[in-house]
Structure formats: C-alpha cells, structure tokens
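Trainee: Heads up: the protein sequence lines correspond to chains U and B, in order.
Here the first sequence is numbered in the numbering used here, starting from 1 and rising by one per residue.
Here the second sequence is numbered in the numbering used here, starting from 1 and rising by one per residue.
Read the hints as simulated data drawn from the structure, not as lab findings.
Beta carbons: idealized from backbone N, C-alpha and C, even for Gly.
Don't take each hint at face value.
Calculated pairs, DSSO-like style, for lysine-lysine (alpha carbon to alpha carbon, straight line, at most 30 Å) [stated by the list, open to error]:
| no. | chain 1 | residue 1 | chain 2 | residue 2 |
| --- | --- | --- | --- | --- |
| 1 | U | LYS755 | B | LYS128 |
| 2 | B | LYS57 | U | LYS25 |
| 3 | U | LYS188 | U | LYS383 |
| 4 | B | LYS85 | U | LYS9 |
| 5 | U | LYS9 | B | LYS128 |
Rough simulated footprint, nothing fancy, chain U against chain B, three-plus residues with beta-carbon under 8 Å [to be verified]:
| no. | stretch |
| --- | --- |
| 6 | 4-17 |
| 7 | 74-88 |
Simulated DEER-style distance windows between Cβ atoms [claimed, not checked]:
| no. | chain 1 | residue 1 | chain 2 | residue 2 | range |
| --- | --- | --- | --- | --- | --- |
| 8 | U | ASP107 | B | ALA14 | 25 to 33 Å |
| 9 | B | LYS57 | U | GLY753 | 31 to 39 Å |
| 10 | B | GLU124 | U | SER427 | 43 to 51 Å |
| 11 | U | GLU398 | B | GLY157 | 48 to 56 Å |
| 12 | U | LYS693 | B | GLY157 | 33 to 41 Å |
| 13 | B | PRO21 | U | ILE504 | 22 to 30 Å |
| 14 | U | SER56 | B | PRO21 | 44 to 52 Å |
| 15 | U | ASP691 | B | THR129 | 15 to 23 Å |
| 16 | U | PHE584 | B | HIS15 | 33 to 41 Å |
| 17 | B | GLU124 | U | GLU112 | 40 to 48 Å |
For reference, the chains in residue letters:
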Amino acid sequence: MGGLSVVGKGVARVDALEKVTGQAKYVMDLKLPNMLHCKVKRSSLAHARLLKVDTSRAERLPGVKAVATAADTPNIRFGFYVKDETMFAYDKVRFIGEPVAAVAAIDEETAEEAIELIKVEYEELPAVYDPLEALSETAPLVHEDIASYQAGFSAVKYRNVCSHTTLKKGDVEEGFRQSDFIFEDTFKTQVVHQCSLETHPVLAEIDGSGKASLWGVSSMMFPARELLSQALGIPMTKIRIQTVHTGGSFGGKVGYIPLGICLLLARKARRPVRLVLTRQEEFIGTNPRHPSIITLKTGVTSDGRLVSREARIVMDSGACAVDGPAVMTNTATSAPGPYNIPHVKVDARCVYTNKQPFGAFRGYGHPQAYFAVESQMDIIADKLGIDPVEFRLKNCFEKDGSELPTGHRIYHCGLKETLVRASAYISSARPASAENKRWRVGRGVACMLMESGLSGSGAFVKVNDDGTFTVITGTVDVGQGCSTVVCQIAAEELGVDLADISLIAGDTDTGPYDFGSCASRVTRAAGHAVRLAAADVKKQLFELACDRLEANIEDLELRDKKVSVTGSPFKSISVAELATMSIFERSGPILGRGAFLDKGGVPLSERVSGYAKSEGPSLQPATVIAEVTVDTETGRVRVLRCVESQDVGRCINPATMEGQIHGGVVQGIGYALTEETLFENGRILNPSFVDYKMATALDTPQIVPLIVEELDPTGPYGAKGAGEAPIVPVAPAIANAIYNAVGVRIKELPITGEKIFMAMKKSQGGKE
Amino acid sequence: MTTELISLVVNGEAHQVLVKPNWTLLDVLRDELNLTGTKRGCDTGCCGACTVIVDGKTVNSCLMLAMKADGRNILTIEGLARGDKLHPIQEAFIEKGALQCGFCTPGMVLSAKALLDENPSPTEEDIKTAIAGNLCRCTGYIQIIEAIQAAARNLAGSASRR
C-alpha cells in the first residue's frame, strides 16, 4: 500500500502538549462542589463468616455523610466469566482487603476515622492459600455454592476449581513412544502487580433525575457499565461512565467495584463522592497477575523435532474468578508454544484460594506459559546440542497455514521473521560487554506467539462546517497512545492533517459501544471502526460532490479538505461547502458510522473443553534476545541489552510502537528478576514501592526494537494488535541468558540473585 | 489541630495558606492551590510523581510538611513554560515521544530540569541517576533519557548563540 501520508509516521502524540505542561486532568484532579471523600473498610481476615457489620458509631461521627455495606446492594453475584463477586462481602470474607463497608465524609481524615469506628464481627474459618492444597478433597471451600454460580461460558467447575480447561490433540502417549528423549520440568511464576503510577480513582455524582455520572479509570467502560447494571439492578440509561486521562492500566484498571462503591455512596449522601485508592490499597485490593505452576513433559527426536507435549497447569485465581478462566485458557493454549507438535494434551485448573483475586495484566496468561515453554526449549536444545535459534526455527509455525492445537489455522504470521531478524541483528552487533573472571556474560533467546483482538467496536465521524472532522469512539486511551493512532487512521482515510481531526472518546453516553482497551485490540477494532466511519463520510461527500463536479463517484478523491476530480485538480469543491450544502439543502448533517467485529475462530469441540474464549483473529509474534552479565560471587544479574523484534503488521505509529517495546521489555525485566508480591497467610508483606521492586532508569538496558511488518488484511491498513506482546518473551530470554552465562537453570520467577547464588553453590558442590 | 499561616512563592506567585500540621506540600499544591499537575502516586516518597523544585533542588512534595515550605520558592510543572513557549525539556519530551500515560511526566520533567540546571552536559549515567527516583511504568525510560539528552543539546545550543 503506497502513498500513506499519516499512517506509518511517528507523529507526536495528540495528548503530549497537555501532559508535558501538567494541564492533563486525571480523575484524582477533578473536584465537584460539595464533594465528599470515600474510604473503604476492608476485611482484616483471609477467610471468615461475616456475623455483623456495625456502622452505627461511624454514622454518628460528625462529618460522615453516608456509610454503605452489602445491605445497600441487591447482593447479586456478578463477574465477567464466573458470577462469583459482590460489591461488598456479605456472607463471608474471602481475602484480606475485601471491601466490607465504605464511608463518604467531608474530608479524607474524617472518612479514615469513620472506617476505624466500623465494627466487624467475624467467625474465623480455616483458610487455604496454596493452590495445590486447595485442590485436595479436604481443603476448606472458598465458595461453597460454586455449583450454582452462573458462568459466561461452558465452565467446568467444582470444589475450589472455578474453571477446568482441557485440550487434546493426537495421542501423547504414542508421541512419547516415538520420542528419543523425554524432558519433564516444572516452572513456577509469581504474583506481580501492574503498578500503574496512578492508583484507581473514581468520582461519582448523581443528578436530579437519579442518573449516575461516574468518572473512573475503567479501561473497559462498556463492560464495566454492564457489570454495574447487573450488580446494582440499575438500567444502563442511569449510568454514564466517563474517563479523562488515565495514568496507566496494563490490564489492571477495570475498576467496576470502586465505581459501584462510589455510586452507592453518592446516591445515599446525595452529594458527589470521590475515592482514590492509596498505594497500599492498590496492592492489596486490586487484581494483579496470576501465579502459576506449570509442568511440561516433552518428547523430541534426536534430530530436534518436537513430537509430544503434555502440560499440567495450576493457576491460582485468588478469592474470585475475575479474569482467571480466560487467562488460564491463554496459558493452556500457549503451553504447546508456537510449535508444530503432533501430540498435545493440556490439563489446566484455575483454583480459588483466600488471596486477593488475580486479574488481567499485560500478556494475560502468556507470560506464565512462555516462561515455561521457552525455558524448556533451551533445556532441550542444550541437551541435544542444537543451536537454540535453529531448534526454534525447525519447529515453529510457518507464515501461512499452520494449525494451532485447537484446530484453528493461522495466516500472516511473522514469527519466523522475528527470530531471523533478532538473531541476525545480534550476530552482527558487537558484544555488549567484555566478560571478566567475576562477571560472566550470557545470551538467551525466547520467542512467542499470542493472539490479539476480540469483540466489537463502533465509531462515528462528523463533518464540521469548516471542513474539519470529529471522530467519536467508545475507546479509552489508558496511556498507550491509541487516541493518536485512531486519529492517524481517520486523517489518512480522510486525506487531511492530524490537526484537522478532533477526537471525542471515553464516554459511554456519547460514544458507541467499545469492548475496551484490552487484548491488544484497540488499533485493530476501534481503529478499524474509525476507518470504516471515515470511509462512510467520504462516500457521502462524493455523492454530494458528483453532481456539482459533473463527474463519476469513482473519479473523485478527497484530499486537503477538498473533493476533486482525479487528474483535474481545478475541478474541486471544498468539504466545508459540501457540509454546509448538506446541512441546509440536502439530507442534513453528514454523519459517518463504522462498526467492526474482530471475529475469532471457534476451537474444535472434540479437542477442547471448558474454554473461556475463542481463538483470536490476529497474531502478535515476537522474539527477544537478551544479554546479561551475572556476578559469579553474588548471583546478581544485570541486563545489558535486549533486542526485541515484533511483527506488528502495519505499524501505524513507529514512535508509539517502539515505546510499547521499551516499556514491555522493562516490565519484563522486573517480572524476570525483581518483582514479586509476597504473601504470608494471605497477607501481603510488601504493599509499597519501598519493598516491591520495579525497574528504575538505572536498571534499563540498551533496548533495540526491530519492527517486522507482515501485513494482516483483516486489520486497518494491515495492522495487528501489538501492545501486550513485548513483555511476554523477556523473562524466559533472561532465564536462558543466565543459564548461558553461569550454567544454572532457575525455574521459578523471579530469578533473584539469591536463587542464582544458591544454585551456583549447589552445582559447584556437585562437581567437587 | 492548630493551623498555621505559611507564605510561599509558587511559580513566581506569592501565596499565604492556612495549613494543618499534618499537611504536606503536595496537599497544599493540589488541594489548596489547585495545582494538580503535581501527581500523587504513592505518598511515601518512592515514585517521584510528586517531584517539585524547592529553592533549586528537587523534593518529593509528599514527604515535605507544608509548614517546612514556609518562605520557600517552589517551581511546579505549571510554572515551567513561559506563556505559550515551552521549556526545551518539554519540547524534547514531545518530540522524542518520552511519555505515555503522562502521570510520571511532570515529576520526570522537573527532575530533568534540576539536573540540567546543575549539570548542562550530563552523561547517560548522570541522567539515569538523576531520574532514578522517578518511576515510570510505561516507557521503559529509553525515550525519556533520549529527550533529556536532546534537551541538553538544545539548551547548550541556545546558550552558545546568546
């Protein structure tokens, strides 16, 4: 596709000016007259029967204007996949930090004081924290009524298992018989938090008609509205969710419970209510990444062909399902990796424990799976004496026509290209650093393939009377830059500069439905809807112009706010004139509409059961090559360089795309080496940035983004989803680089210096 | 709680504010003066989103008691541009795409300003050290470091032309 003028250019972000000047407003910056401040009373026990919540003393405290508990809700269970959540605990508390009550008061201090005055009587119950223990017949049950809970898919659930997924292709036992070598390894991944710099904020106001206006940071506004409507029994006409600027999400800002709590309090107090979670609440009360235990048994031939893989996955869901069933489905789908394996069997269970419910975090089940898959690929390559890149190329999916284990065929997959590009770069580059006796340098590769996109998005485009355009979308920019990308798409389609486009987004009342900023779907789905709406406008403009220009529609073009006849630039009419003509003389204002469904494939029913999703319509392939240096005396790791090549289809904006890769790599370094939420009996020991170590600028290595553009004709201008992939292969590439450097294989994340030190000590001891 | 009247200069404007003893400078800036460009990310001095410049030095405003700010001269992100003319650091952040969600950006820009005021030609390591107290979860810091390098070059260029 030649001649693109806005798409493909690294234009400055449309929101950059207001962000560098401090003018960009986030929800915590909004104030309304008579606004109250909200604080949440949270459970202090991991598992207990709730006998009584006495709010009388809190209600009497001067300055307290409303207190809400489960008694103020219809106690309808709700949830995306399994309907097991409530706004407030009412029969039991299931994790430390679960909301029990909430207060709205004239200031934060009063609200905090009131929270302390709420007396909760509990009858403590035996709790279960370990997902393997939770699987035993005798474990305490987190949800006794699980069998009666509704689910949004054909869930297999029992005891503490909220979703049991299986996948079977071929005959793994036969496959193992055909194999020359069999490898079995168990990998563990930890809880990591999204750590958006902005904590969850909500501002709620109820107008005179009883309609709730909610300013929140929901990256999925429309599904959040649906859940609120279900949970509180309020029609959607009475709920309006709006977002302003959002200070990061990474999957974490779904936020329907804080929205619901503020709505209830604003209704009771008849005053606006604002809640801003503290950093500690953000750690204990939101939904970080699922920890997992993944066992892979893999059969290979001596010449390096993968023959058979059996995977057993236990995913800790915490106290509610939230995103667990779908996250786990992704882990299950990815357990065979992006490789042609004739025989595959996967058994995956998502298990309740008395910990905070785990949720969506960039990568959504793939980082867990790929840490296991790509670590084991190197274990096998090392044993067989095959180059790790060659081994992957030999087994990985082809560009077109390869079959996923679920039966879906894939096309336009640039995975091999990403492997080739990354390894070509690294072999031509100078070594990152010379090694010495104490610090050893190692290099590791990992690749991955994840799906992207799901569900629908709509868009409108209006023609303004001066010939400029206004795009209305239901999408939300959570910081990743999709506002800029959808404006670029509209500008390209309409033949104008970015400055001629204005954008209205982030409002469930004015915008058409959009599933949200998740699943790497915005560029594809919302972007495509905007492109279609712009094309609709263009068609209407051409219909108006063809009489005036005495030309056929197919000979017209739209550029620089003029419709003209191709080849006769002087035969033209301005968009402003057409817009005005339409308003006063023809059919009224010009409105374009576009709707797009990113349709996935259905997995073969004879191969899968308990799947919480369909196959994604588009692919995000990526490869990382990491170079590290390891201190042989202390086990400390420094990442020197990460080369990440990613197939993004058409790259709409290279600057924002590279930003996604940089950010994903650095988040991945945290996942690999330093980040972990530590629990002791269900209590988080490190709910602060003091003790939860995310990477700083000093930890940032050299990062080389390499963009591969294998166009996908189903996306706008050939674009694929791209936001999540960058984090996924980082941890296994680093694990493989550490092995390459010092010869120890760590199968549990995070790979701390202590683990490396102990492993090195053990292996030296073994040799002596 | 006893309140006290403090005087402070913020972005060149003199203010008198009645403060409680437990209020921080961040509370005063955001809640009393409505300067919400300074962000609250952790309230424990770890994230740097609340960074402001007090008498030429960066401070985590969530850790500075308001009463300690009495008589001090404070620069927040709102005071950096001169009318419509952006500071070269702000221009470089836009040009290099050094921001995503933007929540860390005000603090990051001010840390960069304090660095370049003191050290006009920093090394990459100097830059990384200067912003090590400003967490960013989106960008991986790469484009931020590039922006600060570009701003240093631009500032040096304009200084030599003068």
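Trainee: If a hint holds in the structure, say so; if it does not, say that too.
Mentor: How the hints compare with the structure:
1. U/LYS755 to B/LYS128: holds (28 Å)
2. B/LYS57 to U/LYS25: Distance of about 26 Å is within 30 Å: holds.
3. U/LYS188 to U/LYS383: Holds. U/LYS188 to U/LYS383 sits at ~22 Å (cutoff 30 Å).
4. B/LYS85 to U/LYS9: Cα-Cα ~25 Å, so holds.
5. U/LYS9 to B/LYS128: holds (28 Å)
6. 4-17: violated (count 0)
7. 74-88: n = 6 at 8 Å, threshold three: holds.
8. U/ASP107 to B/ALA14: 25 to 33 Å: About 26 Å separates the Cβ atoms of U/ASP107 and B/ALA14, which means 25 to 33 Å holds.
9. B/LYS57 to U/GLY753: 31 to 39 Å: For U/GLY753 against B/LYS57, whose Cβ atoms are near 33 Å apart, the range 31 to 39 Å holds.
10. B/GLU124 to U/SER427: 43 to 51 Å: violated (25 Å)
11. U/GLU398 to B/GLY157: 48 to 56 Å: holds (52 Å)
12. U/LYS693 to B/GLY157: 33 to 41 Å: With Cβ atoms ~38 Å apart, the hint holds.
13. B/PRO21 to U/ILE504: 22 to 30 Å: Violated, at about 45 Å.
14. U/SER56 to B/PRO21: 44 to 52 Å: violated (31 Å)
15. U/ASP691 to B/THR129: 15 to 23 Å: holds (22 Å)
16. U/PHE584 to B/HIS15: 33 to 41 Å: violated (53 Å)
17. B/GLU124 to U/GLU112: 40 to 48 Å: At 43 Å between Cβs, range holds.
Violated hints, listed in ascending order, are 6, 10, 13, 14, 16; each of the other numbered hints is respected by the structure.
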